[in-house]
Amino acid sequence: MIRGIYTGTSALNVYELKQSVLANNLANLDTPGFKKDVFSIEGTDTVTLYRFSQGENPTFLGEIDSSVQPGVGVNIDFSPGRIESTGNPLDLAIEGEGFFVVDMGGKEAYTRAGNFALDREGRLVTLSGYPVQGRNGAITFPRKGEVAVDEQGRVLLDGEVVDELRIVD
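Everything in the sequence shown is counted per the working numbering, starting at 1 for the first residue and increasing by one.
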């Protein structure tokens, strides 16, 4: 009877983790740049049980059938998400692989979320205020004007190249 309780508990723990992963994916469905988590489980035919006592060899107790355990783990699915046109020239998307590079207080960080804005200093920033990095450091516009980004990642101000987005894999 105790063995059945262990098997049931094992399965419940796995499905609790699966539900948590699913809830996180649903909660972030419309989060720009979010990548869903993929959960996998694997079953085993049997689990072998031993009793370990100090100073003695392990004692074989038997086997339990059909145990369920988490697989390798929860993995992030990096396949491209959908791209929506917003009409905002600062809303950017990467087709294919890669991440935008941002500066988080002196530390390099990466994001797929391309909904950017301009701060008071004329820097291109994330909605959290982290500067977006180009080939020459933080992308900064020296004056007001028409901002655009071309398909090669060149950042333009009134048609002149200011910098190039730094994209990493």
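Honestly, the hints are just simulated from the structure, not real lab data.
Computed from a prediction, not measured in an experiment: that's the story for all the values here.
One or more hints might be untrue.
Computed cross-link-like contacts, DSS-like style, restricted to lysine-lysine with a CA-CA straight-line distance of at most 30 Å [as the list claims (entries may be wrong)]: (1) K35 to K144; (2) K107 to K144; (3) K35 to K18; (4) K36 to K18; (5) K144 to K36.
Exercise. What are the numbers of the hints the structure violates, in ascending order?
Worked result: Numbers 1 and 5, in rising order.
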